[in-house]
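Engineer: So the chains spell out like this:
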Amino acid sequence: MGYQGHFRVWRGSDQGGGLEDFTVEVNEGEVVLDVIHRLQATQTPDLAVRWNCKAGKCGSCSAEINGKPRLLCMTRMSVFAEDETVTVTPMRTFPVIRDLVTDVSYNYRKAREIPSFKPPAGVAPGEYRMQQVDVERSQEFRKCIECFLCNNTCHVIRDHEENKESFAGPRFLMRVAELEMHPLDEADRVAQAQSSHGLGLCNITKCCSDVCPEHIKITDNALIPMKERVADQRYDPIVWLGNKLFRRS
Amino acid sequence: MPELERHSFDVLVIGAGGAGLRAAIEAREHGMRTAVLCKSLFGKAHTVMAEGGIAAAMGNVNSNDSWQVHFRDTMRGGKFLNNWRMAELHAREAPDRVWELETYGALFDRTKDGRISQRNFGGHEYPRLAHVGDRTGLELIRSLQQKVVSLQQDDFAETGDYESRLKVFQEFTVTDLVLDDGRVAGAFGYWRESGRFVLFEAPAVVLATGGIGKSFKVTSNSWEYTGDGHALALRAGASLINMEFVQFHPTGMVWPPSVKGILVTESVRGDGGVLRNSDGKRFMFDYIPEVFKDKYADNEAEADRWYADPEHNRRPPELLPRDEVARAINSEVKAGRGSEHGGVFLDVSTRLPAEEITRRLPSMHHQFKELADVDITAQPMEVGPTCHYVMGGVQVDPDTGASSVPGLFAAGEVSGGMHGSNRLGGNSLSDLLVFGRRAGAGASGYVSELSARPVCSSEAVAEAERVAVAPFSGSDEGGENPYTLHMELQQAMNDLVGIIRKAEEMDQAIKRLDELKRRAATLVVEGHRQFNPGWHLALDLRNMLVVSECVAKAALMRTESRGGHTRDDYPQMEADWRRKLLVCRLPGADGPGASVEVVEEPQIPIRSDLLELFEHAELQKYLTADELEG
Ligand SMILES: Cc1cc2nc3c(=O)[nH]c(=O)nc-3n(C[C@H](O)[C@H](O)[C@H](O)COP(=O)(O)OP(=O)(O)OC[C@H]3O[C@@H](n4cnc5c(N)ncnc54)[C@H](O)[C@@H]3O)c2cc1C
Ligand code: SF4
Ligand code: SF4
Ligand code: FES
Chain A
444 MGYQGHFRVW
454 RGSDQGGGLE
464 DFTVEVNEGE
474 VVLDVIHRLQ
484 ATQTPDLAVR
494 WNCKAGKCGS
504 CSAEINGKPR
514 LLCMTRMSVF
524 AEDETVTVTP
534 MRTFPVIRDL
544 VTDVSYNYRK
554 AREIPSFKPP
564 AGVAPGEYRM
574 QQVDVERSQE
584 FRKCIECFLC
594 NNTCHVIRDH
604 EENKESFAGP
614 RFLMRVAELE
624 MHPLDEADRV
634 AQAQSSHGLG
644 LCNITKCCSD
654 VCPEHIKITD
664 NALIPMKERV
674 ADQRYDPIVW
684 LGNKLFRRS
Chain B
80 MPELERHSFD
90 VLVIGAGGAG
100 LRAAIEAREH
110 GMRTAVLCKS
120 LFGKAHTVMA
130 EGGIAAAMGN
140 VNSNDSWQVH
150 FRDTMRGGKF
160 LNNWRMAELH
170 AREAPDRVWE
180 LETYGALFDR
190 TKDGRISQRN
200 FGGHEYPRLA
210 HVGDRTGLEL
220 IRSLQQKVVS
230 LQQDDFAETG
240 DYESRLKVFQ
250 EFTVTDLVLD
260 DGRVAGAFGY
270 WRESGRFVLF
280 EAPAVVLATG
290 GIGKSFKVTS
300 NSWEYTGDGH
310 ALALRAGASL
320 INMEFVQFHP
330 TGMVWPPSVK
340 GILVTESVRG
350 DGGVLRNSDG
360 KRFMFDYIPE
370 VFKDKYADNE
380 AEADRWYADP
390 EHNRRPPELL
400 PRDEVARAIN
410 SEVKAGRGSE
420 HGGVFLDVST
430 RLPAEEITRR
440 LPSMHHQFKE
450 LADVDITAQP
460 MEVGPTCHYV
470 MGGVQVDPDT
480 GASSVPGLFA
490 AGEVSGGMHG
500 SNRLGGNSLS
510 DLLVFGRRAG
520 AGASGYVSEL
530 SARPVCSSEA
540 VAEAERVAVA
550 PFSGSDEGGE
560 NPYTLHMELQ
570 QAMNDLVGII
580 RKAEEMDQAI
590 KRLDELKRRA
600 ATLVVEGHRQ
610 FNPGWHLALD
620 LRNMLVVSEC
630 VAKAALMRTE
640 SRGGHTRDDY
650 PQMEADWRRK
660 LLVCRLPGAD
670 GPGASVEVVE
680 EPQIPIRSDL
690 LELFEHAELQ
700 KYLTADELEG
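Chains as they are written, first to last, in this note's numbering: chain A, 444 to 692; chain B, 80 to 709.
Since the hints were derived computationally from the structure, they do not count as laboratory data.
By construction, the Cβ of each residue, glycine as well, lies at the ideal position given by its N, Cα and C atoms.
A hint or two may mislead.
Examples of chain B residues lying across from chain A (beta carbon under 10 Å, computed) [as the list claims (entries may be wrong)]:
hint : residue
1    : 124
2    : 125
3    : 127
4    : 212
5    : 224
6    : 249
7    : 442
8    : 563
As a list, the in silico DMTMM-like pairs of lysine to aspartate or glutamate whose alpha-carbon atoms are at most 25 Å apart [claimed, not checked]:
hint : chain 1 : residue 1 : chain 2 : residue 2
9    : B       : 700       : B       : 680
10   : B       : 448       : A       : 527
11   : A       : 586       : B       : 435
12   : B       : 448       : A       : 468
Start from the sequences, fold in the hints, and give me the full structure.
Structural biologist: Here it is, written out as structure tokens:
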């Protein structure tokens, strides 16, 4: 059942590094993370990799496999031919710390720039009432496990370090959309999405949605509707204000 | 050696799961300068994996529910060994803690009238678990994480610094607590990334480090669960209780081998899934224990009617407390009626329409499809018991979370008492919030009453540093590999102190642990201190070994079967044992040869008004004759 697989793993630090070749046992039913763990246990005890749940729930183990952004724990070895070389590299958009571990602090900085949920004034805890259909839109975005693969993929920052300052990335533009669509949130978020979080830089290529392990339709359900709201608001702010105030009644 | 990095805070919270974050929010709201330390990235603690839901008697689905009913269920689930005061506070306060999450932005699934929906779960009399599909833990942790960010934004508006009052130090491991004359003075540890050492000076520490499952081979727990908080508490002089009680969740994945142990949420059964053996028989009807006979259906027809009409039918036995179901599965497999890969079948495909399954159990559907090539809308799952949760932990004051060491507090899975001998599903997430908040308040109260701050002596810090670098200087020849030692430990615990226990095996386990401890003194790791998993594991092993020793020694002493502790040689539950707590301590904590000591201590009698919530006949099953008279 088991076979000897060929792996090329990027090893190094912020000072530089390169791909190293390994031959390592692969068994039935394994995922790439299992093989990385076997490397740690048998050949490279100091190979750095992040992981936690091993079930696609925590979003720790993001990397690029044969150039594709993926979760190491949800990529089964059976998708590769036995004689195929599997190349594992760290996410490219974020600075390398060591081996497969990158510095994802950009994402935590951006999270802080999004104004938080603004609870409805005068509604006591326990008195919140919302219909399932109304929460479902935001619930889709709250499935996000913060693997940051979408931010890693988005060309706005992947190839343009200079855009990181002004662009929140799909993950956090989606967070703005989530709060905007929250039935009880009281903040106005549309103008800021454009002016502070860089919504205008997104040209809806959908690459982010393609890599999302949670299959969230980031572009179709979050980014495009936000863009539409921006357009509406610019076109006729009074109508927009009315919609916003009375949309729940 | 570069100079030691130092920070000073009022309250230090170790752990960023549900308990730690809730404690930190509370301490910050009490005006304490608060730090949260965690081993993985912010938002990825173990809590993120919780699936089924959070238990709180809100009565949204069945208005007969109340805190009293929840209290009763919790005590029954724990076989009356629970600290009754904790169970009381938990049942009373859980609804407020869940509603509070909505003010942080949480979006639970809704009932038709727009309230938080609640689902059925094992051991809970009414539908009680607030949930979001089967990713409730993610919602809980994300809501708390976002509340932390929101407080940081407030602080930024006021002080120009996001982190002026509440700061998260992620990918940081605490290796030792620092004491000053028996009181907490701070904590010592290393950045996982750089291996650099840091001293945090703080008069109060809240332990919220979660569980110990990584000492077992088949487990639903991640690498974080190495019992660090349990061990830190022991070494600081605090005591642990109930360590013999380890919960094996009945349904972990069994195939393929690389995912063995990964959890299959109990909601599968709560939503109608049934267990069958290889003969196709729904075997749980054969395993209803005497104490539960009046609550669980003894035939399929009644069990099936219960989903639609819970008022007039008894519950399906698939929803018995976890210890019962885990033992039943174990027996079926042992009797040769297991599935191909040594489990049994859990089937929801013949019970619900496919769309309903993907809507209610999306992440289970995803998990099986991606990891096992099984479509749960069309095929049964293969499942078997997996080590899931430790009921035992730091002995605390129920109201404040204070341990016996001044300045040391604990909340969440690392604390003990709340769940007695067995935890009900959903009662952990609520526990985290109720007691996380209380420990945060308790620590704040303690700090505000201090007249002088304790000091971290340079000797204590030097010693902590010496211990942390020891694995690099181990002698090369004959030095032990941490991965090998870890595998041996897991195998020993699984085989000898696992789901069914007997004296000879536990004796053997204790000897094996002794030997492993000796070998651990010669651990050697390669490479440097920067992000070095081999070194991290070497340091974690110190904790896993001492915690495993607690489990094995306490389990050997308790000569009865109760909840998460099942003995082949003492299969009965004994009312006398209900009155006894087994308390673990580590005398001579700093010495290399220190060994865990377990002593019997009396359990505090249950307050009379709480006892009156039960029928006399039920109490007779658990309490001794003189307790019933008294
Ligand atoms: C798969 C799964 C599903 C579950 N489903 C449910 C459910 O549906 N309902 C329910 O009620 N319960 C459930 N549970 C149980 C519940 O999730 C846990 O008991 C609970 O999340 C524990 O939370 P905690 O806050 O105590 O610790 P955790 O969330 O585990 O957090 C521990 C924290 O401590 C940190 N830490 C540990 N050691 C150190 C150290 N040395 N230095 C610094 N930081 C440290 C970790 O990094 C982490 O941040 C489930 C558990 C699992 C594994
Ligand atoms: S759709 Fe927008 S956010 Fe997504 S990858 Fe394309 S440009 Fe980036
Ligand atoms: S939206 Fe999807 S890809 Fe982006 S961080 Fe969340 S889970 Fe990952
Ligand atoms: S380890 Fe959690 S998503 Fe891969």
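Engineer: Each hint should be assessed against the structure and marked as holding or not.
Structural biologist: These are the hints, each one checked on the structure:
1. Using the Cβ-Cβ criterion of 10 Å, the hint placing residue 124 of chain B at the interface with chain A is satisfied: the shortest such distance is roughly 8 Å.
2. Checking residue 125 of chain B against chain A by beta carbon gives a least distance of about 8 Å; that is within 10 Å, so the hint holds.
3. For the restraint placing residue 127 of chain B at the interface with chain A, the shortest Cβ-Cβ distance is roughly 5 Å, inside the 10 Å limit, so the hint holds.
4. Here the hint on residue 212 of chain B is kept, as its CB sits about 8 Å from the closest CB of chain A, short of 10 Å.
5. Taken as an interface hint, residue 224 of chain B checks out: its beta carbon lies about 8 Å from the nearest beta carbon of chain A, inside 10 Å.
6. Hint on residue 249 of chain B holds. Least Cβ distance to chain A is approximately 8 Å, under the 10 Å limit.
7. Because the closest C-beta pair between residue 442 of chain B and chain A is about 7 Å apart, less than 10 Å, the hint holds.
8. Nearest Cβ of chain A to the Cβ of residue 563 of chain B: about 8 Å, under the 10 Å cut. The hint holds.
9. Taking the CA atoms of residue 700 of chain B and residue 680 of chain B, the gap is about 22 Å. The hint holds against a cut of 25 Å.
10. For the proposed pair residue 448 of chain B and residue 527 of chain A, the alpha carbon gap of about 23 Å is at most 25 Å, so the pair holds.
11. About 18 Å separates the Cα atoms of residue 586 of chain A and residue 435 of chain B, which keeps this hinted pair within 25 Å; it holds.
12. Using a Cα cut-off of 25 Å, the hinted pair residue 448 of chain B and residue 468 of chain A holds, with the two alpha carbons roughly 24 Å apart.
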